[in-house]
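Peer 1: One line per chain: the protein sequences are B and R, in this order. For the first sequence, this note's numbering begins at 1 and goes up steadily by one. For the second sequence, this note's numbering begins at 1 and goes up steadily by one.
If you're looking for bench data, these hints aren't it; they were derived computationally from the structure. All residues carry an ideal CB built from backbone N, CA and C; glycine is no exception. Some hints could be false.
[Said to hold, decoys possible] Derived Cβ-Cβ restraints for the label pairs, each shown as a range:
#1 R:H34 / B:S44: 49 to 59 Å
#2 B:D39 / R:R165: 26 to 36 Å
#3 B:K83 / R:S171: 45 to 55 Å
[Said to hold, decoys possible] 25 Å max Cα-Cα, derived BS3-like pairs, lysine-lysine:
#4 B:K148 / R:K138
#5 B:K83 / B:K224
#6 B:K148 / B:K196
#7 B:K217 / B:K196
#8 B:K192 / B:K224
#9 B:K192 / R:K131
#10 R:K200 / B:K217
#11 B:K148 / R:K200
#12 B:K217 / B:K83
#13 B:K148 / B:K72
#14 B:K72 / B:K196
#15 B:K196 / R:K131
#16 B:K192 / B:K217
#17 B:K72 / R:K209
#18 R:K209 / R:K95
#19 B:K72 / R:K168
#20 R:K168 / B:K196
#21 B:K217 / R:K138
#22 R:K43 / B:K72
#23 R:K114 / R:K138
#24 B:K117 / R:K200
Here are the chains, one letter per residue:
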Amino acid sequence: MKLPLCKRSTTGCQSQTIFTLIAPLLLLTLSACTTTTIDEYRESPSQLTMNGNETVVVLGRRHAGDYETEPKFIDCIGESLNKAPTVTVLPETTFVDALYPWFEPRTAPLGLRRLEKMLVDPLIGQHIRQHGVRYMIWVDGSTATTDKDGSVSCAIGPGGGGCFGFATWEKTASYEAIIWDLNQLDERGRVKVNAKGSSYLIAIGAPIPIIAQVQDKACAGIGKQLRTFFTEQ
Amino acid sequence: MLAVAPNLKTTFKLPAKLLLAVCFVLSLSGCATHVEVSGTFPKPLSRQYPFTTTLVFNEDFRNYRFENLAPREVSVAVGDTQVQLFQAVSGSMFKGTEVRDLIPESVTTDLIFKPTVADVQIAMPYETQLKVFEVWIKYNIELFDHNGELIAAWVMPAYGKTPTRFLKSESDALNQAAMVALRDAGANLITSFGNVPQVKAWLAAQNAKGAALTP
Numbered sequence: 001m002k003l004p005l006c007k008r009s010t011t012g013c014q015s016q017t018i019f020t021l022i023a024p025l026l027l028l029t030l031s032a033c034t035t036t037t038i039d040e041y042r043e044s045p046s047q048l049t050m051n052g053n054e055t056v057v058v059l060g061r062r063h064a065g066d067y068e069t070e071p072k073f074i075d076c077i078g079e080s081l082n083k084a085p086t087v088t089v090l091p092e093t094t095f096v097d098a099l100y101p102w103f104e105p106r107t108a109p110l111g112l113r114r115l116e117k118m119l120v121d122p123l124i125g126q127h128i129r130q131h132g133v134r135y136m137i138w139v140d141g142s143t144a145t146t147d148k149d150g151s152v153s154c155a156i157g158p159g160g161g162g163c164f165g166f167a168t169w170e171k172t173a174s175y176e177a178i179i180w181d182l183n184q185l186d187e188r189g190r191v192k193v194n195a196k197g198s199s200y201l202i203a204i205g206a207p208i209p210i211i212a213q214v215q216d217k218a219c220a221g222i223g224k225q226l227r228t229f230f231t232e233q
Numbered sequence: 001m002l003a004v005a006p007n008l009k010t011t012f013k014l015p016a017k018l019l020l021a022v023c024f025v026l027s028l029s030g031c032a033t034h035v036e037v038s039g040t041f042p043k044p045l046s047r048q049y050p051f052t053t054t055l056v057f058n059e060d061f062r063n064y065r066f067e068n069l070a071p072r073e074v075s076v077a078v079g080d081t082q083v084q085l086f087q088a089v090s091g092s093m094f095k096g097t098e099v100r101d102l103i104p105e106s107v108t109t110d111l112i113f114k115p116t117v118a119d120v121q122i123a124m125p126y127e128t129q130l131k132v133f134e135v136w137i138k139y140n141i142e143l144f145d146h147n148g149e150l151i152a153a154w155v156m157p158a159y160g161k162t163p164t165r166f167l168k169s170e171s172d173a174l175n176q177a178a179m180v181a182l183r184d185a186g187a188n189l190i191t192s193f194g195n196v197p198q199v200k201a202w203l204a205a206q207n208a209k210g211a212a213l214t215p
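When you get a sec, could you build the whole thing from the sequences and use the hints?
Peer 2: Pasting the structure below:
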């Protein structure tokens, strides 16, 4: 079908063929918009200090019944925080396994008073100190689909297959990070992030997803904001 | 031509049968979830009681498999992994551990510790409309002294959940939720053992007898 067009105008044909090839790829790389709101609270305007041996551990809250702070999100924040030159992040699983069973959902400290008791306990306190943990960042929240509409149907037969339809869904990521200083035994700050975005799936033959990277944006936002507690940006 | 036609017919029939068989197998596997729970446990951080214990894992415990047929067929085998867990926890809690299949007539250890599975329940996202897979395990724990006299019997619940993830299979998610539940069982045992009233009383009695108890 395209060959006759080529004969009429070579330049136009080439650009049309290239567009036909590139358009799906362009659509695939498109991502929908995400709105991110970040709130921050600091105990003091001064930056959080760390010496060479001290580390930060980012931990997810897992005690709620209806959701769970995603381990992948915690890893993402850890990676983002590790970009700060003065910060060394201890991976969540390394810390939780080394302190097993004292940071499981059943036993993890929900407040500073409980943490203080744990630090005073020679068995637990010594192991936390061995890992050089100076700051503990607790992250609580989750990403959820808050709305969805439309539908896409796919069919397959002897001559081939395809999809047709339009679907959209909205995701909201809501997280709060609280920084505890283990030396001072107090809270040093909080960062709250809300990210919201709509994704689309357009199907005319092949399905073309336009995905809002809600959780990634929330991670980038909270990670960047947490870095400002430790270094000047 | 007449001789060739039957051959051709046979040649085309085989892939069709194969396709049907594959579809049938796929439709079967799409409905059922079978999980052999596997994973490792970190070395628990626990104070050690100055006693030795015999762990008794009977055949039911070693081969425990939870099975549910409706609304979907699901089976979760926790036997091997829970044996590993109790051995790891006991190894940290007591100064010596032996393992037996049945309660022995005479033992050389101070205590006999016998866990049994009372119940297992699972909840899948399609049942709860939550984005988590959940596993509950209820253990009955019996603790005997070296003479076989019952010191304490109590119920120990454990719970684990894991969030759903895009392109993650139900089997992987259930395995992970069961591992979290088993870790929770270990946490519960370590933190509550000394607080079970009868155990507490027995420990106090041993302490009064002069044993150096510092848990």
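Peer 1: Please write out, lowest number first, the hints stated earlier that are contradicted by the structure.
Peer 2: 3, 4, 10, 11, 17, 21
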